[in-house]
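Construct all of the structure, not just a fragment, from the sequences and the given hints.
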Amino acid sequence: MKILTGNDLKSGAVVWWTGVSWSLDVNDSADVGDHGAAIIAREEGVQNVFAAYVVDGEKTEEGVRPAHIKERIRAFGPTVRLDLTLKPSDPDALNWVI
Amino acid sequence: MYKYDEYDQQMVDVRVEEFRDQVRRRISGDLTEDQFKPLRLQNGLYLQLHAYMLRVAVPYGTLNSTQMHLLGDIADKYDRGYGHFTTRQNIQYNWIKLEETPDILAELAKVEMHAIQTSGNCIRNISSDQFAGAAADEIIDPRPYAELLRQWSSFHPEFLVLPRKFKIAVIASEKDRAAMRLHDIGIKMVRNDAGEIGAQFYAGGGMGRTPMIAPLIREFVPLDQLITFSEACLRVYNRYGRRDNKYKARIKILVHELGRDEYVRQVEEEFAHLLTQPIEPPLAELERIKAHFVEPAFETGLSDDLDLTDPDFRLWVERNTTAHKQPGYVIATVSLKPVGGIPGDASADQIRLMAKLGREYSFDELRVTHAQNIVLPHVKKADLYTVWQALDEAGLATANLDTVGDIIACPGLDYCSLANARSIPVAQKISERFGSAQKQAEIGELKLKISGCINACGHHHAGHIGILGVDKKGLENYQLLFGGSEGADTSLAKIIGPGFTEDGVVDAIEKATEVYLANKQGEERFLDTYRRIGMDPFKEAIYG
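Sequences listed follow chains X and S, in order.
First residue of the first sequence: 1, per my numbering; consecutive thereafter.
First residue of the second sequence: 1, per my numbering; consecutive thereafter.
Source of the hints: derived by calculation from the structure; they are not laboratory data.
Careful, some of the hints might be misleading.
Some chain X residues close to chain S (C-beta under 8 Å, calculated; not the full set) [stated by the list, open to error]:
#  : residue
1  : Asn7
2  : Leu9
3  : Lys10
4  : Ser11
5  : Gly12
6  : Val14
7  : Gln47
8  : Phe50
9  : His68
10 : Lys70
11 : Ile73
12 : Arg74
13 : Pro78
14 : Thr79
15 : Val80
16 : Leu84
When the alpha-carbon atoms are kept at most 27 Å apart in a straight line, the in silico DSS-like pairs for lysine-lysine are as follows [said to hold, decoys possible]:
#  : chain 1 : residue 1 : chain 2 : residue 2
17 : S       : Lys380    : S       : Lys3
18 : X       : Lys10     : S       : Lys110
19 : X       : Lys10     : S       : Lys77
Built from N, CA and C at the ideal position, the CB exists for glycine as well.
Below is the structure:
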């Protein structure tokens, strides 16, 4: 699947396109197929999200996982500060990110 | 240390308010991201992997306690409770909000700090010897000259849009502790045969994808021509540096392609022209600056004795302290490399503790090192045990300076949008593998540096052992390099062979240290043994 990501303008937080709006949780991502560029062009005018681009991902039993390690780290948090991941209390968070 | 005058303060204050308005217009939609991006970069605000990152300038790495304390408060108030000290003697925060950035800059301005020119194609933070003003081996304190260069380069209208970023280092000792020849311009303060102080200039060094060691371009520049000669070096670069290809835009490429002699000829020609123009600040200005760097009121007649009966303290003194020019005092380096830790990271509480120790025990001074550690430059030996105890309690007394545990590592793929591989986990694993004090003592000095991409922020080219993370078909892969040095004997490390996985590179380093220990003669360092016996014995042991 193709998923669309960007950053929230005010906070800088990584956000994901859900099909109707933007979410902080990659698991809310919609498959944008070939429509990524069109969505980016439309959303850029809204100004709340910037630096948007499309990445490869897949839907697994655990949720949506970006294909490349860089995008997974971006989606879930740094591998060296598990307290700063999206699952700060999960002792298994490292395996989940990588 | 230098104290802002009304002009310095006004410049910084005005910039804060200018940026506050720019942020307001960006958020309201009056500015597009394309319009806003160069403005935020001019104020040190990047977009990194997870959020905005703010890089704060620490000129020549020198801080007072009030400034250091504020850096801790900013970590708490605006970030996630920590800051990351970098190889440019700066501090970076990784989780900054755009809308709060003007407030951060306003708080920094109150203590004479800013983030101006910490990004962009301009002259960046001037770096220097972290032991400046305290080292027993320096001929003069290099910081007044670094400060003069800072004032010349800040907002210099001709050099705000250079072909690429530009880095300057100033030292004043034979022992180079600032990687001077790996800068765009390296300046070494020297004394000539007549006993006069002047500047020796090197130009065209750097790391990145095309590492180069800067050649000497002038033996001696008189102090009253320091800025004029610097301006000549920059002018030739600004005029002829390549703007068509960002990978060939640094001055090192220009010097290499022109040849050192032709670059020097052009600089000298420009210099002769500039000497006819009144651009050099009067020496009185240098004297004004120097007055801010007078020696602290050291006590005299102090004993040099230390009670070393505590073995942990003894080890730390042996490893992490350096001779001071004043009897009874010592330079103490606080390692930000605990075993298994993140090189360069410090919590808000740790930052404030270091500030407190600087205030109480080091004449209100601290330094950030390019190796991502913190220095208390003037500690009375009689106070050293008390200082060490406080550091130890805060997890800041790791005795590993310049050993295999004292690793430089860039933020890598965990934080940086440019990186191809993670650096920090590799550093953590190596630090754990070689964590015992006994092992580190056995190996001795071994400078290990890790970069997560070819941009070389982790200085891997200058490591006795360097590690470069690359992306190999979507997987992290680590190339191993040997033989680099950043000191007076600067050399560039060479790749020894095919790369490794994360665990594989740690094993390879262990094998390399075994080769070293089996071959070392006398007090030879790893680097010296490598230089003597060459790469082959290491390759044989590592690749079989």
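Hints, verified against the model:
1. Here the hint on asparagine 7(X) is kept, as its CB sits about 6 Å from the closest CB of chain S, short of 8 Å.
2. Taking 8 Å as the C-beta contact cut-off toward chain S, the hint placing leucine 9(X) at the interface holds, the least distance being around 7 Å.
3. Interface restraint check for lysine 10(X): the shortest CB-CB distance to chain S comes to about 5 Å, inside 8 Å, so the restraint holds.
4. Given the 8 Å rule on beta carbons, the hint for serine 11(X) holds: about 5 Å separates it from the nearest Cβ of chain S.
5. With its C-beta approaching chain S no nearer than about 4 Å, glycine 12(X) sits inside the 8 Å limit, and its interface hint holds.
6. For valine 14(X), the interface hint holds, since its Cβ comes within 8 Å of a Cβ in chain S; the closest pair sits about 6 Å apart.
7. Annotation: glutamine 47(X) was flagged as interfacial toward chain S, and the flag holds, the nearest CB pair being 4 Å apart, inside 8 Å.
8. For phenylalanine 50(X), the suggested interface contact is upheld, since its CB lies about 4 Å from the closest CB of chain S, less than 8 Å.
9. Below 8 Å, beta-carbon pairs count as interface contacts, and histidine 68(X) has one with chain S at about 6 Å; its hint therefore holds.
10. For lysine 70(X), the interface hint holds, since its Cβ comes within 8 Å of a Cβ in chain S; the closest pair sits about 6 Å apart.
11. Because the closest C-beta pair between isoleucine 73(X) and chain S is about 6 Å apart, less than 8 Å, the hint holds.
12. With a cut of 8 Å, the hint placing arginine 74(X) at the interface with chain S holds, because the nearest CB-to-CB distance is about 5 Å.
13. Interface hint status for proline 78(X): upheld, as the beta-carbon distance to the closest one in chain S is roughly 4 Å, under 8 Å.
14. With its C-beta approaching chain S no nearer than about 6 Å, threonine 79(X) sits inside the 8 Å limit, and its interface hint holds.
15. Checking valine 80(X) against chain S: minimum C-beta separation of about 5 Å stays under 8 Å; hint holds.
16. Hint on leucine 84(X) holds. Least Cβ distance to chain S is approximately 6 Å, under the 8 Å limit.
17. Taking the CA atoms of lysine 380(S) and lysine 3(S), the gap is about 25 Å. The hint holds against a cut of 27 Å.
18. Distance check on the hinted pair: lysine 10(X) and lysine 110(S) sit about 24 Å apart at the alpha-carbon level, within 27 Å; holds.
19. Between the alpha carbons of lysine 10(X) and lysine 77(S) the distance comes to roughly 16 Å, so the proposed pair stays at or under 27 Å and holds.
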